[in-house]
Amino acid sequence: MIFTEESVKAAAAVLLLIILIMWMVLLTLKIRRGGRFRTLVMDTVLFVFGLVFLTILTDSIPEYGTPLPLPAACAVTVLLCVPLIISYLREEKKTSEMLNAFSIKEAIDDLPDGAAFFDTNGVPVLCNHVMYRLAHIICGGSLKSLKSLEEACRKPAAGSGVKRISPKRMTFLFPDDTAWYFSREDISCRDGRKYVQITASNVTELYEKKQELLAVNEELADVSKRMRSMVRNVTAIAREEEILAMKMRVHDEIGSSVLATRRLLVQQRPMEEAESVIAMWRKSVGLLCRDSEIKEESSQLLQLTEQAREIGLAIHLNGRMPEDREASYILTAALRECATNAVRHAEASGLYADLSRKDSMVTIVITNDGKVPENSILEGGGLSSLRRRVERAGGTMRIQSMPVFSLTVSLPAGEDDE
Amino acid sequence: MTKVLLVEDQKMAREYMAGRIAESGRYTIAAALANAALAEMACMREKIDLVLMDVCTEHDESGFTAAAQIRKHWPRMRIIIITSMADCSFLEKARKAGADSFWYKELDQDDLLNVMDRTMNGEPVWPAGTPAVQLGEAVSCEFTEKEIEVLRYLADALSYAEIADRMGVSVPAVRFHISNMLQKTGYTSKNKLAIDAINKRLIIPGF
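Note that the protein sequences, when read in sequence, are chains X and W.
In this text, residue positions in the first sequence follow our numbering: the first is 1, and each later residue adds one.
In this text, residue positions in the second sequence follow our numbering: the first is 419, and each later residue adds one.
Among the hints, erroneous ones may be present.
[To be verified] Taking lysine to any residue pairs in the SDA-like style, the calculated list, with each CA pair at most 25 Å apart, reads:
#1 W:K490 <-> X:P373
#2 W:K514 <-> X:R389
#3 W:K511 <-> X:V231
#4 X:K247 <-> W:E441
#5 X:K225 <-> W:S577
#6 X:K283 <-> W:A452
#7 X:K225 <-> W:L600
#8 W:K564 <-> X:V234
#9 X:K225 <-> X:D324
#10 W:K429 <-> X:L301
#11 W:K429 <-> X:V231
#12 X:K283 <-> W:D529
#13 W:K523 <-> X:I237
#14 W:K490 <-> X:E379
#15 X:K225 <-> W:N609
#16 W:K610 <-> X:V216
#17 W:K465 <-> X:S349
#18 W:K564 <-> X:R228
#19 W:K608 <-> X:L213
#20 W:K429 <-> X:D252
#21 X:K225 <-> W:D614
#22 X:K283 <-> W:R438
#23 W:K421 <-> X:S284
#24 W:K618 <-> X:V223
#25 W:K490 <-> X:L383
#26 W:K421 <-> X:E310
Because the hints were derived from the structure by calculation, they are not lab data.
Whenever a hint applies, use it, and build me the whole structure from the sequences.
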């Protein structure tokens, strides 16, 4: 028979030995992890008991010494197994809850954003799945070093299909239409070791919203442009309405004169009433005559010259006004400003203006033959509003008080039309 | 005879008014101009007693600027601002420019002579307020001063940020005023509001 008492006992002894060895290992682990004192004592007691029992067991093998009933030997061995298994399961559970290199790697891998850490030599020490994938695309190969990644960020590998979409930020559009923002941060650990952290944040949604915003802004700019042009025309429209109202009024007056005449003729009213009707006609026809007598609105410059002459100032213009209506008007405004000032402050009788063209700029220099200013001229209401006007039209204005007062205005006036 | 300088850029209106004024027998027209900027020179030429000054004149010359200039050099001259624009800032700007009286053109023409007579007698004549303008479901006088100010910038096609910058307030404050105005008028967009305000001449950009 194979299962003799000796062989079973020997097997139990071997099993017990294995249990004790494993127990010792577990015990050292527990001590290292700082287990509770009570359980440690309990475990130690059981362990010692196990050792003692092992000697009894080996002693009881008949050839050597003390007797031990077989069932008792088996039962104690199995019983000693139970606390070991419980202890082992507990430690296993603790291990799974504790931080270690693998658990950190696993957690970082699950991040939706990309993250990689490099040591001071630029060698990657940790890189998650997302970063690995992105780096692979942008570098056109696997991630070798911090330097190669940074190089690729400055200039993505040819054929990678990665496009940089922000001139200032490290934001890239990847071939799968996702947008990523890369950033670098230097981190130093408590123990003095230094690492470089590169993160890639998924900004796809932000990028799409920005694109939408750009499209809407474009539309808005268009609307605003239309608004501006409408605003410019609105005063003209308002004036046209005024003309219409005025025309209707003249029309009405003539109409009522016609009606009164008709009543006069049809009803054969007395001659006294005819007088008032005639007066009515005089008035309304007079209105029309006045209107038609008025000459065509003379040009602004001519108007100014005439007006200046009437206040005793002769304007001598040397050169030709530009064709550009706007520029021509601003130059006339400059002349007007100088004309009033020359008469008022310098008691001048002549105003001299030299017009010259250079490239697409027209320049006027205005002086007068009056008194020299006693102090330097300060820009008051008239001159400063002229300056605003000139600068709005893209020109420049310069005032000189000594030795004589002169005003220089330069304006863009389109192409030279000579 | 009182010498009158008339500034009005519309030929028809100018001649019509000049005709009416001359007819009265109490006034003579010393000059009738289309451009407000020429008014100062006309005043230098001869002694003027009364200036009738339009606000929006030829070449976008502002009647207010011209009136202020005249007031500076001829403190005793009487100035009446005339306009057909219902822009609510005009009354205040006219006061600032030193005008004696203010007359809305769209009223009866005989009224003008009345205003001129009273002004010459040293009585300032001012309308009680800007003519009310209907904007959507609201009347213009329902707007606050701040709202009108925002509306003015809006009519210049400025953005929220630009408006906030000019007014020295925050962007949300600008939004707040605009949404208040939209609520009052029942309009759905600020552009519609601005366009209507310009069309109804509640706001005249540039003056």
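Here's how the hints hold up against the structure:
no. : hint              : verdict
1   : W:K490 <-> X:P373 : 20 Å, holds
2   : W:K514 <-> X:R389 : 21 Å, holds
3   : W:K511 <-> X:V231 : 20 Å, holds
4   : X:K247 <-> W:E441 : 19 Å, holds
5   : X:K225 <-> W:S577 : 12 Å, holds
6   : X:K283 <-> W:A452 : 23 Å, holds
7   : X:K225 <-> W:L600 : 22 Å, holds
8   : W:K564 <-> X:V234 : 23 Å, holds
9   : X:K225 <-> X:D324 : 23 Å, holds
10  : W:K429 <-> X:L301 : 19 Å, holds
11  : W:K429 <-> X:V231 : 23 Å, holds
12  : X:K283 <-> W:D529 : 18 Å, holds
13  : W:K523 <-> X:I237 : 16 Å, holds
14  : W:K490 <-> X:E379 : 15 Å, holds
15  : X:K225 <-> W:N609 : 12 Å, holds
16  : W:K610 <-> X:V216 : 18 Å, holds
17  : W:K465 <-> X:S349 : 20 Å, holds
18  : W:K564 <-> X:R228 : 22 Å, holds
19  : W:K608 <-> X:L213 : 18 Å, holds
20  : W:K429 <-> X:D252 : 18 Å, holds
21  : X:K225 <-> W:D614 : 17 Å, holds
22  : X:K283 <-> W:R438 : 9 Å, holds
23  : W:K421 <-> X:S284 : 24 Å, holds
24  : W:K618 <-> X:V223 : 20 Å, holds
25  : W:K490 <-> X:L383 : 15 Å, holds
26  : W:K421 <-> X:E310 : 17 Å, holds
The structure agrees with every numbered hint stated previously.
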